[in-house]
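Number of protein chains: 2
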Amino acid sequence: MINEVMAQVAANNSAIREMFEEGNRLRALFGPDKVFDFSLGNPYFPPPESVKTAVFEILNNMEPNAVHGYMANDGFPEVRRTVAEYINETFGDTLTGDDIIMTVGAAGGLNITLKALLNPGDEVLVSAPFFLEYGHYVRNYGGVLVPVPAKEEDGFMPDLEGIRNAITPKTKAFIINNPNNPTGVIYPASVIQGLAAVLEEKQKEFGTSIYLISDEPYRELAFDGEEVPYLPKFYRNTIVGYSWSKSLSLPGERIGYLAIPPRVDNYEALRGAASVSGRVLGFVNAPALFQLVVQRCIRESCDIAAYDRNRRLLYDGLTELGYSCAKPQGAFYLWLKSPVADEKEFVAETKKYNILLVPGTSFMCPGYVRVAYCVSPETIQGSMDGFAAMAKTYGLMKK
Amino acid sequence: MINEVMAQVAANNSAIREMFEEGNRLRALFGPDKVFDFSLGNPYFPPPESVKTAVFEILNNMEPNAVHGYMANDGFPEVRRTVAEYINETFGDTLTGDDIIMTVGAAGGLNITLKALLNPGDEVLVSAPFFLEYGHYVRNYGGVLVPVPAKEEDGFMPDLEGIRNAITPKTKAFIINNPNNPTGVIYPASVIQGLAAVLEEKQKEFGTSIYLISDEPYRELAFDGEEVPYLPKFYRNTIVGYSWSKSLSLPGERIGYLAIPPRVDNYEALRGAASVSGRVLGFVNAPALFQLVVQRCIRESCDIAAYDRNRRLLYDGLTELGYSCAKPQGAFYLWLKSPVADEKEFVAETKKYNILLVPGTSFMCPGYVRVAYCVSPETIQGSMDGFAAMAKTYGLMKK
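Chains S and B supply the protein sequences, listed in that same order.
Counting in our numbering, the first sequence runs from 1 upward without gaps.
Counting in our numbering, the second sequence runs from 1 upward without gaps.
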């Protein structure tokens, strides 16, 4: 009776809900400090104080209608100009405010991009493991998501040969997420160069345009001095989607941007379509006050060093216990190899120690689990006894 | 190459853009106080002071992560509870917070509802004239919009006989907008009763569920003591979509709700599908801070009496000059009969007097124009010379 796809999604959603409820059940039973919940990507460290200062400054100095009223669907012109200037200064590009659309988070930006790009049957590639929502976003517009498995032995870098083989004349886009959720790895410039070469080769072969959609909510969460390449420098047909959810710890406020450089194929048509897509999908515009806030806080960030300390604490603790994982370089995720082939068995075992993790199957990559370390340092410390006990069980302890 | 539908929408969008640019051109040429722009539905009267007070109170007293962090996709439980209680007190319903989804404006709520409801080919009825975005929203999900013309002689009330004839076994929903954009009329209880009877008759005949989707951003803008019926009292399968864009003058903040009473057909499935639809479409959740703001300001409103004064000023002025219009009872629109058959000709004429109106064709109802009186009283007063001159031209002046 109701939409069949959404009814199915709702039914499958019960797994996530169950995990959430399981967490609540355990917290009620044992106390919140005795439950080690690594399942959610919800920032633990608060926004910088400058966010609050900016809100007060805006509300005290601007006319209320200029703050809260409608603006052009793409966003306040002065905010878009600031974003373009910031990108230009930081990455050496030459964008203008016209190339920026303020969006309802990165998820809003991705949906707008795919709505503007895809015709039914178009294919969108992604390297697996990946954030499963991409599949929904692509299917929203009649597209087909084509996951290409990354290789464990390559540290979960995109498999360029596999990607080359998967591209067809119907391939319209590749979604890349760097730093990566769920693996926490960063794709370096060399890998991006390789990917760009494959996409260019195939564009030429098929006479098509293949857009690289770069989903970058974790851009600033890069550690050990690793650089996150700015993709429009490597590949002409790049569209960047950004969100301040992580860098300013504002995930509930839904504020991000799309950058569409004027050198992408079909710029005029695509730019116009992206603009109306936001309206047609009911986003209308990005939340007004927080457009003005991010304009004022564009050089600010939450305490990123605190995430780095968490990362070391978790990584050092787990590897000392004999666990294996992908090298965690960015975002706030550690991608842990399950000590047993079926990682769901491992996740069930960790629950006995009040440790909540997400099985790799949820990212189309079984055998691994995601540990989200956007938690208090105490959560990480507190979990180590449980991880140690399981290391013993699974015979991981180093001799 | 890019999505064909969106490319077409973008091309058609040029008409709106042209009008906007024409306004800017005229303002630059003659000065902003010499241009009488009645084309936009952007609230003129500011939010109540309590909005600012609420923001300050929230930011000064709550933990930043509790304000700006992720919450369940449906919204903060305490906000949803407050909304349910407010609805119950005001309209005598028995909703709980579980029946409320906080949404990215009313447009977000409508898209979520249609995503959750429609299967490809499903039909959605609407009384014309109507807000043309409904057509986009329905087509987003493979639905077919079926407009049923209202009759001028019935004061633009829905044509119940026409609706009865238009309903088929594929009819999944009827979108109703009360008070109405663009006509400014209010559908009274008697009309709603008639509509409910038709929908119930057809549900029975076809063994289907037909949902009445009530789009209510103008609910509080009701004048002359007119009451806006609460539709779930009249028809069981009603879903209400609301927005604080107008009542609190916050259109840029994108904050609204969906109310799905538990007595609607397929409640469990529909409720679950609506919840995941918001996530899948990339809304994720309604902006966090403004959820907390509307919770605190749910009994507040902008200066509605000021809109009423505008309405009288405009209505009295135009009717004295001999113009005809639908009886303006609600929203902030006056639906003016064009003095010539082709209302686009009239709109071109009004431009000579720096008066900007929207032709009825933009609402699928030629022969009329929409005058949005969410403007300063001075704009209305200043426009009267132009309207008087045209009344002379068209021979409207009363003897």
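Mixed in with the good hints there might be a few duds.
Pairs involving identical chains hold if they fit within one copy or between any two copies, as the list cannot separate such chains.
Here are the simulated SDA-like pairs of lysine to any residue, each with C-alpha atoms no more than 20 angstroms apart in a straight line [as the list claims (entries may be wrong)]:
| hint | residue 1 | residue 2 |
| --- | --- | --- |
| 1 | 52 | 62 |
| 2 | 233 | 279 |
| 3 | 204 | 1 |
| 4 | 34 | 19 |
| 5 | 202 | 1 |
| 6 | 52 | 64 |
| 7 | 170 | 1 |
| 8 | 202 | 394 |
| 9 | 170 | 30 |
| 10 | 52 | 63 |
| 11 | 52 | 27 |
| 12 | 202 | 122 |
| 13 | 170 | 4 |
| 14 | 52 | 70 |
Simulated from the structure, these hints should not be mistaken for laboratory data.
Going down the list of hints, with the structure as the test:
1. In this homomeric assembly, residue 52 and residue 62 come within 20 angstroms of each other (Cα to Cα) both inside a single copy, at 15 angstroms, and across copies, at 12 angstroms.
2. In this assembly of identical chains, the alpha carbons of residue 233 and residue 279 never lie at most 20 angstroms apart, being 30 angstroms within a copy and 32 angstroms across copies at closest.
3. In this homomeric assembly, residue 204 and residue 1 come within 20 angstroms of each other (Cα to Cα) only across copies, at 15 angstroms, whereas the closest approach inside a single copy is 45 angstroms.
4. Proximity of residue 34 to residue 19 under the C-alpha cut-off of 20 angstroms is restricted to the intra-copy arrangement: shortest distance 16 angstroms within a copy versus 61 angstroms between copies.
5. Taking the closest pair of Cα atoms, residue 202 and residue 1 come within 20 angstroms of each other only across two copies (16 angstroms); inside a single copy the shortest separation is 42 angstroms, beyond that limit.
6. For the homomeric pair residue 52 and residue 64, the shortest alpha-carbon distances inside one copy (17 angstroms) and between copies (9 angstroms) are both at most 20 angstroms.
7. For a Cα distance limit of 20 angstroms, the shortest separation of residue 170 from residue 1 across copies, 11 angstroms, qualifies, whereas the shortest one inside one copy, 32 angstroms, does not.
8. Neither within a single protomer nor between protomers do residue 202 and residue 394 lie at most 20 angstroms apart by alpha-carbon distance, with minima of 46 angstroms and 64 angstroms respectively.
9. Proximity of residue 170 and residue 30 under a CA criterion of 20 angstroms is satisfied in neither setting, with 53 angstroms inside one chain copy and 52 angstroms between copies.
10. Proximity of residue 52 to residue 63 under the C-alpha cut-off of 20 angstroms is found in both arrangements, the shortest distances being 18 angstroms within a copy and 11 angstroms between copies.
11. In this homomeric assembly, residue 52 and residue 27 never come within 20 angstroms of each other (Cα to Cα): the closest approach is 31 angstroms inside a single copy and 36 angstroms across copies.
12. Taking the closest pair of Cα atoms, residue 202 and residue 122 come within 20 angstroms of each other only inside a single copy of the chain (15 angstroms); across copies the shortest separation is 39 angstroms, beyond that limit.
13. Proximity of residue 170 to residue 4 under the C-alpha cut-off of 20 angstroms is restricted to the inter-copy arrangement: shortest distance 15 angstroms between copies versus 26 angstroms within a copy.
14. In this assembly of identical chains, residue 52 and residue 70 lie within 20 angstroms of each other by CA distance solely across copies; the values are 18 angstroms between and 23 angstroms within a copy.
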